[in-house]
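The opening residue of the sequence shown carries number 2 in the numbering used here; numbering runs sequentially from there.
Just so you know, these hints were derived from the structure itself, not from any lab. No residue lacks a Cβ here, since even glycine has one placed at the ideal position from N, Cα and C. Warning: the hint list may mix true and false statements.
Unchecked claim - Mimicking DMTMM-like on lysine to aspartate or glutamate, the simulated pairs with C-alpha atoms at most 25 Å apart in a straight line are:
(1) 48 / 35
(2) 48 / 76
(3) 465 / 448
(4) 48 / 332
(5) 48 / 249
(6) 465 / 249
Claimed, not checked - Pair by pair, the computed Cβ-Cβ distance ranges are:
(7) 423 / 70: 21 to 29 Å
(8) 271 / 317: 41 to 49 Å
(9) 447 / 314: 23 to 31 Å
(10) 449 / 54: 38 to 46 Å
(11) 112 / 270: 23 to 31 Å
(12) 261 / 160: 28 to 36 Å
(13) 473 / 46: 49 to 57 Å
(14) 111 / 131: 28 to 36 Å
(15) 449 / 352: 26 to 34 Å
(16) 248 / 48: 42 to 50 Å
(17) 448 / 317: 45 to 53 Å
(18) 130 / 435: 16 to 24 Å
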Amino acid sequence: MTDPDLLPLPGAVDDALDDAFGQARAVADAVLFEGYVLYPYRASSAKNRMRWQFGVLVPPACTAEGGEYAEQRTDVLLEPRTADRLHAELRFLHVRRRTVERLGPDGTYTEVPELELPDRVLVPWDEGHEERVRLHAPLAELTGEQAHTRTVTFDLPPAVEHEPVLDGEGRTLGRLVRRRARLTGEIRPYVEQLPGPYRVSRLTVTVHNTTDAPAGDRTAALPHSMIGAHLLLAVEGGRFLSMTDPPEWARPAVAELRNDHTWPVLAGPADRADLVLSSPIILEDHPVLAEESPGPLYDATEIDEILSLRTAALTEREKREARGTDDRAAEVIDLVDSMPEAVRERLHGAIRGLREVTGEGAPSGLTLPEGPGHPWWDPQQDPEAADAPSTVSIDGEAVGEGSRVLLTPGARRTDAQDTFLRGCRATVEAVVADLDGELHLAVVLDDDPGGDIRRGQGRFLYFKPDEVAPLREEEP
2 MTDPDLLPLP GAVDDALDDA FGQARAVADA VLFEGYVLYP YRASSAKNRM
52 RWQFGVLVPP ACTAEGGEYA EQRTDVLLEP RTADRLHAEL RFLHVRRRTV
102 ERLGPDGTYT EVPELELPDR VLVPWDEGHE ERVRLHAPLA ELTGEQAHTR
152 TVTFDLPPAV EHEPVLDGEG RTLGRLVRRR ARLTGEIRPY VEQLPGPYRV
202 SRLTVTVHNT TDAPAGDRTA ALPHSMIGAH LLLAVEGGRF LSMTDPPEWA
252 RPAVAELRND HTWPVLAGPA DRADLVLSSP IILEDHPVLA EESPGPLYDA
302 TEIDEILSLR TAALTEREKR EARGTDDRAA EVIDLVDSMP EAVRERLHGA
352 IRGLREVTGE GAPSGLTLPE GPGHPWWDPQ QDPEAADAPS TVSIDGEAVG
402 EGSRVLLTPG ARRTDAQDTF LRGCRATVEA VVADLDGELH LAVVLDDDPG
452 GDIRRGQGRF LYFKPDEVAP LREEEP
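All chains should be modelled from the sequences, with the hints used to inform the complete structure.
Listed below in structure tokens is the structure:
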């Protein structure tokens, strides 16, 4: 990297960028360390032997071995307005293989499976070291043939580090040896103004792992890989368009975007649109961390209350092993051990908003049913709910209970999980109306092995009529 615009800039420029990325980086940390060390936070746990599940970019020669990829592509729509520069930050973890060595009486070190200390048990472990690569480039220079000159390349050379292990009196008992393998990569930004009456551009940023490493299995590839790779993008004075809920005029352009192995969302406060987090995990626009969360627990977005209670129940030996497994695991143990009861009680649940349900015009059906097998509110049992017809007309056909349909949810007005059901076949169980009078189809997937249980419990999937298509039996 020789262009000063592409290098990390000191002083006020970096401080301003850090301020702009502040809230987004807090959420990105949860993405970066998603599943980093799973409860019970010990290296000996079987599930901690298969880690690094999200955003793994391996060397090109290793793509065929474990189903991973060597590159990640982000496409977003940008209204430049008064913005003249793109600020980007690539963040990922770089694996450092840690081994444990004991100091012998003759002054030589011998690798051992564990080294027991009064407060912890040190064991071999793959640590994740956070890396950041920044890009600051004029938007005008990210178009056409000149865009290739703005490619950022980086090279993290191999290294070996030694950390002495001391006893309570300062005597050396052994050492930790951390080995880092070479990792090289590049970031390619490109801006293309789209045709049409609106001044909107497509911003494409690709991240490539270019490491020249031999083909091998996933274990061999990880030290040369980017783990949890994600991008933070900012255009001060500009505006990004939401990919999940774009303006109506932008929907055709959004449909043409191509995002490979990443999911870009608007980030930061809800009143701004100049920040994007391109994440390997599906998120909603403007994601935030729960106020009640006491701190990072690293266990794949599991419930904080359950993790805290289970962690508190670990034996002292298990806690010592967790503390010796990883510094972040040690922080979790200390966090739970020192958690005040008031904080623990806050983890039990939270109400984000309330609306008045008493007085004139309140729905009369908001009562818990007697016994299992029914939703908490059944529109069919509520006398003040809107009457729902037994069938709805879709593509000229009457669709109701027993009809078979093809699920066709779109990108708008739907949960991200519903997109995985696009193209699946389902059977309609009922036509229902909500309190606003809108119609929905309650369905069960045809190939759901628990379909009978879902019917018995009344646990259906709900789609609007324009999100399904009638399925004719002769269709393959």
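The hints, checked one at a time:
no. : hint                  : verdict
1   : 48 / 35               : holds, 14 Å
2   : 48 / 76               : violated, 34 Å
3   : 465 / 448             : holds, 21 Å
4   : 48 / 332              : holds, 20 Å
5   : 48 / 249              : violated, 45 Å
6   : 465 / 249             : holds, 19 Å
7   : 423 / 70: 21 to 29 Å  : holds, 22 Å
8   : 271 / 317: 41 to 49 Å : holds, 45 Å
9   : 447 / 314: 23 to 31 Å : violated, 42 Å
10  : 449 / 54: 38 to 46 Å  : violated, 25 Å
11  : 112 / 270: 23 to 31 Å : violated, 50 Å
12  : 261 / 160: 28 to 36 Å : holds, 31 Å
13  : 473 / 46: 49 to 57 Å  : holds, 51 Å
14  : 111 / 131: 28 to 36 Å : holds, 31 Å
15  : 449 / 352: 26 to 34 Å : holds, 32 Å
16  : 248 / 48: 42 to 50 Å  : holds, 43 Å
17  : 448 / 317: 45 to 53 Å : holds, 48 Å
18  : 130 / 435: 16 to 24 Å : violated, 50 Å
In this structure, the hints that do not hold are numbers 2, 5, 9, 10, 11, 18, in rising order.
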